[in-house]
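Participant: Residue strings, one per chain:
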Amino acid sequence: MKIHEYQAKEIFASFGIPVPKGKIAFSADEARNLAAEIGRPVMVKAQVHVGGRGKAGGIKHCATPDEAYSNAENIIGMNIKGLIVRKVLVTEATDISHEAYVGIIVDRSAKKPVIMVSAEGGIDIEAVAAKTPEKIHKLHVDPILGMKSYQARQLAYKVYSNPETAKQAAGIILKLYRCFMEADASLVEINPLVTTPSGNVVALDAKINLDDNGLYRHPDYEKMRDVAPQEESENEAREAGLSFVGLSGNIGCVVNGAGLAMATMDLVKHYGGEPANFLDIGGSSNPEKVVTAMRIILRDSNVKAILFNIFGGITRCDDVANGIAKAVSEFRPSVPIVVRLTGTNETEGRAILAHAQIQGAETMVEVVTKAIALAGVA
Amino acid sequence: MGIFVDKKTRVVVQGITGRDGSFHARQMKEYGTAVVAGVTPGKGGTGLEGIPIFNSVAEAVEKTKANTSVIYVPASAAVDAIYEAADAGIQVIVCISEGVPANDMLKVYNYLKIKGVRLIGPNCPGVITPGVTKAGIMPGQIHKKGSVGVVSRSGTLTYEIVYNLTAKKIGQSTCIGIGGDPIIGTNFIDCLKEFQDDPQTEAIVVIGEIGGSDEEDAAAFIKKYVTKPVVGFIAGLTAPADKRMGHAGAIISGGTGTAPEKIKAFEAVGVPVAQTPAEVADLVEKKLAALYKKKAAKKTAKKTVAKPRPAAKKSVKTKSSTKKVVRKAAPAKKAKATKPAKVKKSKSKARLKKR
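Listed in order, the protein sequences are those of chains Z and L.
For reference, each letter of the first sequence is one residue, going 1 to 378 in the working numbering.
For reference, each letter of the second sequence is one residue, going 1 to 355 in the working numbering.
For the record, the hints were derived by calculation from the structure and aren't laboratory data.
Treat each hint with caution, since some may be false.
Keeping only pairs whose Cα atoms sit at most 20 Å apart, straight-line, the calculated PhoX-like set for lysine-lysine is [claimed, not checked]:
hint, chain 1, residue 1, chain 2, residue 2
1, L, K299, L, K287
2, L, K7, L, K65
3, Z, K148, L, K107
4, L, K223, L, K299
5, Z, K175, Z, K21
6, Z, K112, Z, K148
7, Z, K269, L, K243
8, L, K303, L, K169
9, L, K303, Z, K112
10, L, K287, Z, K2
11, L, K113, Z, K112
12, L, K264, Z, K207
13, L, K286, L, K168
14, L, K107, Z, K112
15, L, K303, L, K228
16, L, K243, L, K169
17, Z, K81, L, K243
18, Z, K175, L, K107
19, Z, K148, Z, K167
20, Z, K55, Z, K87
21, Z, K207, Z, K175
22, L, K264, Z, K269
23, L, K302, L, K286
24, Z, K21, Z, K60
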């Protein structure tokens with residue numbers, strides 16, 4: 001799950017990582033009031049779930065509360081990479097004498113968290129990694145032992161020559177590691193980690209991606225979920241225990257299992273069609289899930305045909321067939337539906353479909369080619 | 001033979017009184033698996049259809065000599081269940097549970113490595129050695145005993161491919177679903193190593209998907225060490241970037257982990273990649289046919305060379321016939337000789353690269 005900068009800063013602060021003071025504003029008026037409250041020059045920063053906000057004009061320095069008002073007015077409602085800005089962070093402006101980068105992700109091959117630091121902060125770190133990889137210092141941490149102080153110091157001294165700033169940075173790196181593990185993050189990033197002219201080291205920006213699987217033990221983080229309008233179907237699916245990702249094609253796909261669902265989309269493309277979505281109804285065979293799946297897919301007006309590809313294991317074909325029959329009688333869809341059922345209770349499932357006069361297919365290839373043909377004439 | 005589970009496998013089911021645990025304990029038993037114990041803390045002393053239930057894995061191991069655990073507990077209890085099994089002396093742990101936090105798995109993985117315990121999963125269908133035993137949730141009846149090893153990051157996609165293999169009368173030595181999470185106990189490489197050493201396995205199917213670099217690592221390993229024919233499949237060609245496709249590990253992030261990269265990696269080491277799941281069985285059929293042809297040629301070469309020898313001394317006539325036979329057999333001999341040479345070459349290449 002992605003969260004906003006201001007939320008990531010709240011989490012950082014709870015782990016003792018220094019961040020500039022700031023508050024969130026939903027209107028230009030609120031932004032002006034917050035700027036007046038801070039009583040110093042401020043930054044107004046767009047809060048959206050994408051990078052490149054600065055380049056898009058979503059981050060502005062404001063010398064006065066009136067400037068904060070006018071900048072916030074411009075930024076709220078702005079479209080950044082397809083996402084509409086609905087709120088801004090108003091935060092005290094910080095004088096900068098040096099910018100560094102610190103980030104932690106999971107190295108899937110090494111099966112360890114890897115910490116990356118660079119003296120080249122503040123800019124696109126991917127570009128640094130591609131052009132001058134030697135400027136990024138990496139360290140793998142044994143997750144059982146956790147990060148040791150000496151490791152944090154070692155990294156800090158690669159970036160900072162002043163012992164006092166290095167000491168502060170090492171402390172921040174240690175806290176960031178604790179944050180990464182304890183918050184169940186899949187990524188934490190401070191870009192830039194700045195040194196002020198007076199020698200304080202501060203996290204000027206904050207990024208955290210949270211592992212969805214860890215959210216059950218962080219109910220306070222779950223509340224940070226902010227669903228963009230175009231993600232509403234995904235969110236509805238998630239709440240119903242389904243996985244859904246919308247695409248731009250015209251063949252709706254309902255499948256059990258993530259791998260089979262991806263392979264089904266690929267097969268649609270292979271035979272000249274375009275998948276409208278990824279949808280995994282999961283392992284259990286609750287007919288209500290099928291009804292929700294149909295509701296979500298039918299909302300997409302591009303969809304010209306819907307295919308079901310079910311390989312029953314724990315999922316029972318008769319349960320899925322009952323769900324399809326129920327959804328069809330409930331929604332009376334105008335687009336054709338074709339269903340392939342194989343595995344546990346397939347005979348019962350096919351009988352239910354035949355009774356409901358829903359078209360069947362024997363194999364994965366057949367269901368895909370039939371759906372493409374049906375979409376063509378619809 | 002097969003890998004990871006065989007006739008010596010004695011299963012303890014952790015979470016046996018839960019909905020999934022009790023259902024699949026019965027299913028495994030029906031398939032022929034020696035399900036010797038169940039564990040549910042607080043339900044010790046009871047039983048499920050003749051399977052004794054204990055309060056702890058340690059007790060189950062002590063009383064029943066269980067050596068393999070299958071975990072069906074909720075995600076919030078799964079990590080504790082894995083540690084419990086490992087500390088009780090279980091050798092193979094299969095974790096079916098979905099939704100285990102990745103950062104917990106980092107600790108689990110590194111701990112089990114020290115212990116020398118094999119973990120399959122989490123978020124996986126488990127492992128089956130057809131006709132012998134299964135430790136997991138896959139439908140047993142679609143499998144058939146045979147010589148093809150199957151390893152996959154997916155569940156139902158594996159069933160689809162196994163179903164196609166069985167329909168072509170191609171049996172399987174062992175089928176393993178390693179799981180769809182970013183951090184899993186057993187990777188492709190671990191399975192490839194075992195399949196290469198398993199005498200029952202003649203060919204291997206690797207079913208990958210987007211996310212991470214496990215397929216690329218597998219390709220590098222195949223190039224160095226695997227002499228058995230391998231066929232691949234990669235799901236997710238149409239998956240968009242930065243979206244989690246159901247599996248926690250199936251995500252293209254930072255532009256890496258795409259399907260074309262993985263297909264390229266496989267093809268670069270001579271592993272054909274099927275364009276559709278059904279085509280996997282066709283490719284395996286071809287590979288096996290080529291393998292049998294080669295083996296048959298080897299056999300006839302041995303036979304025909306061996307036969308004339310005692311006769312050779314008898315007369316000049318037979319001597320000439322011997323020459324003929326030897327000449328005929330020569331190409332087969334050559335084929336036999338080229339393979340080890342090839343392997344040597346690629347190995348030395350790999351060594352050079354390392355330097």
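Participant: List, from low to high, the hint numbers that the structure doesn't satisfy.
Facilitator: 4, 8, 9, 10, 12, 15, 16 and 23
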